[in-house]
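Q: Protein chains in written order, with our numbering: chain A, 78 to 404; chain B, 78 to 404.
Please note that the accuracy of each hint is not assured.
Which copy? The list can't say, so a pair holds if one copy fits it or any two copies do.
[Unchecked claim] Simulated crosslink set (DMTMM-like; lysine to aspartate or glutamate; CA at most 25 Å straight-line):
#1 K347 to D138
#2 K312 to E101
#3 K231 to E322
#4 K175 to D161
#5 K299 to E322
#6 K312 to D138
Hint data in this document are derived by calculation from the structure and do not stem from the laboratory.
2 protein chains.
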Amino acid sequence: MQKNQSQLEQFFTEYLENQVFDREPHTLYAPIDYIMALGGKRLRPLLTLMGCQMFGRPAGDALPAALAVEVFHNFSLVHDDIMDEAPLRRGMPTVHQKYNANTAILSGDAMLIEAYRFLCQSPADASLPRLMHIFNHTALEVCEGQAADMDFEKRDDVSLPEYLRMIEQKTAALIGGALALGAVIGGASEEDAAHLDAFGRNIGIAFQIQDDLLDTFGDPEKFGKKTGGDIARNKKTFLLLKALESATPALRQELMALYSETSPALESAKIERVKAVFSELQTAASAQAAKTDYQQRAFQHLAAIDAPEEGKTVVRDFANWLFSRDV
Amino acid sequence: MQKNQSQLEQFFTEYLENQVFDREPHTLYAPIDYIMALGGKRLRPLLTLMGCQMFGRPAGDALPAALAVEVFHNFSLVHDDIMDEAPLRRGMPTVHQKYNANTAILSGDAMLIEAYRFLCQSPADASLPRLMHIFNHTALEVCEGQAADMDFEKRDDVSLPEYLRMIEQKTAALIGGALALGAVIGGASEEDAAHLDAFGRNIGIAFQIQDDLLDTFGDPEKFGKKTGGDIARNKKTFLLLKALESATPALRQELMALYSETSPALESAKIERVKAVFSELQTAASAQAAKTDYQQRAFQHLAAIDAPEEGKTVVRDFANWLFSRDV
């Protein structure tokens, strides 16, 4: 009997709440407790649990690995927030704001080590070399994606394939890795674990494209925030890079000019004009098509896995739920 | 036939030089190549090799773990240098100076992950769970030591036992851990690995006390730099904390006043007066006695190890060489 999404959520939350992150010295560990208690959707650890039970082992066997994934994810947020000088995370002060940058660096380092420590608490009969291989490569990809993202801010010639590679590394690799870790603990073959990893990566890319779409074309009522934020901040997104790819030289030049504008007074006019250009170029439709394409590829990988239908259904339902916030 | 210190040095240096640290994206990996090429004494990886061959396996089996230790050590330097705002490392610009702080944070993160990746390249028949246990705990101790060191700068009531605990975590734990990793790869029992770890920790603490002594009382000719730097920078060292412990209330007050002085014009007079107080309190002799005590404890742990004398001799010679720069 496999657990469904809400049962797994409760299962992980209870496990998480029983962890004691804060210990001596408090200057090192209290910030870890702070960020781990800030909440968030806890999507990645659920994937680890789902990946495990899919192959017939109880989800509980994957709890330490699921926690490793969540702690790693939060480590990356703590360090990214320093680099991005972000004041808020989940509506609360970021770690470097609440404490200071040095503390955020050092507590982040300890979180990365803690993530490995939790991973090593996986059942003794799960192959630690395989788990470590997945974790190391995923973690390096996340760093590579963050490096590319920072590089892109300084470049005006980023291509769409480069962007897709960056979001695969920065966001999608961990979705895939979270599932693959669970699969290995569940006893999956190399091939099935690779399929589940590929499922996660494709879902992750589709999800990021959806995020880009929602930020510009989402219904503010449903989306919960004002649209156009990415345009206002001159952020290179799937939409912009796709538009630049398909624009005439004149339109391309206009878009580039709009995306160098930073005056708050011109913000609304700029957002309106960029959206008009996107509409003219049918950029939203292209993004929607790309998203659907990645989703389909994802589900093909899921279908190829040699596992009972019940566990796959839990994962498929979860992915469909992720995409239910549609534009 | 066991390799001696200089043979192991050459062995490790060749292995290190064959590594390719720089790959795409260069913004992430070039700084790793930079810091790893800056040199340094490479003492820690030698200990891993010595720990391995002591138990009868070839030193080559421990090369990946030795590299993991060296990469981890350099990761900690990169992040510590940001926190300490240090401009120079080994006479060259620190990573955050040469690149920028964000790059130093992110490349440091990648180095920590790379260290785990190298550790996992240890021979398949070495127990990865045991290696990971040692590495995780050592790495966390190094972070705890750095946190304590930063805390101490803001406190004026640091005790000598607190200082000794801090240097054990920040410096000595990795000396012990480097040896213990080698021991496990070499096939040591839990007990022998623990003895070798304790040997390393005691050697590490003795070495730090010697460093404190040399900074204040070293022969500038032999020591290679001006003495009194720790006093000038109001650094809490074994000497200061020992002196505060044994001083009369009046002398204690005078020392505290001297250690709040930051004027460069008064530096020489301050150094002279602090050294006079240390002499009056026989602080150097106390430090020398403490150092000898830690050394003796170290050699007792080495003697307790069930291994052929040949390998122990290599380690003992190495430790004696470390202490040959005597005051």
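Q: How do K312 and D138 come out at 25 Å by Cα distance, when the copy is not named: within, between, both, or neither?
A: neither (41 Å within a copy, 48 Å between copies)
Q: One pair to classify: K312 and E101, alpha carbons no more than 25 Å apart. Within, between, both, or neither?
A: between (41 Å within a copy, 23 Å between copies)
Q: Under a CA distance limit of 25 Å, which applies to K231 and E322: within one copy, between copies, both, or neither?
A: within (19 Å within a copy, 55 Å between copies)
Q: One pair to classify: K347 and D138, alpha carbons no more than 25 Å apart. Within, between, both, or neither?
A: Classified as neither: same-chain Cα gap 52 Å, cross-chain 62 Å, threshold 25 Å.
Q: If the cutoff is 25 Å on CA atoms, where do K175 and D161 land: within, between, both or neither? Let me know, please.
A: both (15 Å within a copy, 20 Å between copies)
Q: I want to check one pair: K299 and E322. Are their C-alpha atoms no more than 25 Å apart within a copy, between two copies, both, or neither?
A: Result: close neither inside a copy nor across copies, 30 Å intra and 66 Å inter.
Violated hints, in rising order: 1, 5, 6; the structure is consistent with all others.
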